[in-house]
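Model the full structure from these sequences, guided by the hints.
Here is how the chains run, residue by residue.
There are 2 protein chains.
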Amino acid sequence: MARRDEPKVERISEAEHAVMEALWEKSPLSAADVCDRVCAQRDWSMPTVKTLLSRLVAKGAVATEAEGRRFLYTPLIERAAYAGQESRRLVDRLFGGRPASLFAHLAESEALNEDDLAEIERLLKALRS
Amino acid sequence: MARRDEPKVERISEAEHAVMEALWEKSPLSAADVCDRVCAQRDWSMPTVKTLLSRLVAKGAVATEAEGRRFLYTPLIERAAYAGQESRRLVDRLFGGRPASLFAHLAESEALNEDDLAEIERLLKALRS
DNA sequence: CATGGTCGATTACGACTGTAGACGGATCGA
DNA sequence: TCGATCCGTCTACAGTCGTAATCGACCATG
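As given, the protein sequences belong to chains A and B, one line each in that order. Under our numbering, the first residue of the first sequence carries the number 40, and numbering increases by one thereafter. Under our numbering, the first residue of the second sequence carries the number 40, and numbering increases by one thereafter.
For the record, the hints were derived by calculation from the structure and aren't laboratory data. These numbers were taken from a predicted model, which means no experiment stands behind them. Careful, some of the hints might be misleading.
Since the list gives no way to pick out one identical chain from another, each pair is judged satisfied if it fits inside one copy or across any two copies.
Claimed, not checked - Using 16 Å as the maximum straight-line C-alpha spacing, the simulated EDC-like pairs for lysine to aspartate or glutamate come out as follows:
#  : residue 1 : residue 2
1  : Lys89     : Asp154
2  : Lys164    : Glu49
3  : Lys164    : Glu149
4  : Lys164    : Glu147
5  : Lys164    : Glu55
6  : Lys98     : Asp131
7  : Lys164    : Glu60
8  : Lys164    : Glu53
9  : Lys89     : Glu147
10 : Lys65     : Asp82
11 : Lys89     : Asp155
12 : Lys89     : Glu153
13 : Lys98     : Glu158
14 : Lys98     : Glu147
Okay, structure coming up:
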């Protein structure tokens, strides 16, 4: 698996992730914009959002760009990369690194509905062609 | 999805999880036994293992049973339940609650090898029958 | 009966996380 | 030009996590 050298970003915490989601949805955004988006779901105040943004910048997960006197924030890591990293963590930790085990588990626990199965089947067929 | 009312256990941390793995592999075990198993991988000392065991007992994830003067520890939650809970968390957080998206992601990132694909295909076929 | 080893329980403590207030500089309106 | 704003930074603080030393009870042995 040709591992691209992604910007080696430290682990993103749960709260930080919520901020990243906002930025992935749209960027660049000012701190106030981010707050508008996340403070709706999580019940946060401006300072909280700013702290999280700072930490993300410190970690190298987000870039700042001055726009006038304020900063605009842009994610440096891609959502897919993050999702992949987290998925791999889970699969490694709980399923001995075998994705098929995860799938088996989901199937067994009936977490897969008809749509999921159909979709997976379709993907599988596509991969096999 | 008929959710059984599992013992509502607080979130198990990474380190605690390592202890749970030991207990899932074999139980009941004394603290020393657990240490034998986990101190091999993680480089821990006895006190560390005992702290983790205590925390797990406090959280209701592990039960104690006196055997002579020492305690024997037994997991109260099942591995599958834990795996399911964590998987759901991941799918909810990163894939909008759609397991198929997780699968798609794994496929796209080439995290699935031939064996995985074959296995999943087999499972899928079994589910469909 | 005294002593030392064995356990679990208690305490410690630094790092990280979640959450937020206070500070200080830049800026815009008056 | 002067204060009211806006914004990023610094500071704070309680809770959790990872890691471990220490304490106190208990039992076996001399």
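Against the structure, the hints:
Taking the closest pair of Cα atoms, lysine 89 and aspartate 154 never come within 16 Å of each other, the shortest separation being 40 Å inside a single copy and 46 Å across copies. When the C-alpha separation of lysine 164 and glutamate 49 is checked against a cutoff of 16 Å, the pair qualifies neither within a copy, at 36 Å, nor between copies, at 40 Å. In this assembly of identical chains, the alpha carbons of lysine 164 and glutamate 149 lie at most 16 Å apart only when taken from different copies (15 Å versus 22 Å within one copy). Taking the closest pair of Cα atoms, lysine 164 and glutamate 147 come within 16 Å of each other only across two copies (13 Å); inside a single copy the shortest separation is 22 Å, beyond that limit.
In this homomeric assembly, lysine 164 and glutamate 55 never come within 16 Å of each other (Cα to Cα): the closest approach is 37 Å inside a single copy and 40 Å across copies. When the C-alpha separation of lysine 98 and aspartate 131 is checked against a cutoff of 16 Å, the pair qualifies neither within a copy, at 24 Å, nor between copies, at 24 Å. For the identical chains of this complex, lysine 164 and glutamate 60 are neighbours neither inside a copy (31 Å) nor across copies (36 Å), given an alpha-carbon limit of 16 Å. Taking identical chains as interchangeable, the C-alpha atoms of lysine 164 and glutamate 53 are never at most 16 Å apart, the minima being 35 Å within one chain and 36 Å between chains.
In this assembly of identical chains, lysine 89 and glutamate 147 lie within 16 Å of each other by CA distance neither inside one copy nor across copies; the values are 42 Å within and 34 Å between. Taking the shortest alpha-carbon separations for lysine 65 and aspartate 82, neither the intra-copy value of 20 Å nor the inter-copy value of 43 Å comes in at or below 16 Å. Proximity of lysine 89 and aspartate 155 under a CA criterion of 16 Å is satisfied in neither setting, with 38 Å inside one chain copy and 42 Å between copies. For the identical chains of this complex, lysine 89 and glutamate 153 are neighbours neither inside a copy (42 Å) nor across copies (45 Å), given an alpha-carbon limit of 16 Å.
Taking CA atoms no more than 16 Å apart as the test, lysine 98 paired with glutamate 158 passes in neither setting, with 36 Å inside one copy and 38 Å between copies. In this assembly of identical chains, the alpha carbons of lysine 98 and glutamate 147 never lie at most 16 Å apart, being 38 Å within a copy and 27 Å across copies at closest.
When the structure is compared with the earlier hints, violations turn up for hints 1, 2, 5, 6, 7, 8, 9, 10, 11, 12, 13, 14 and for no others.
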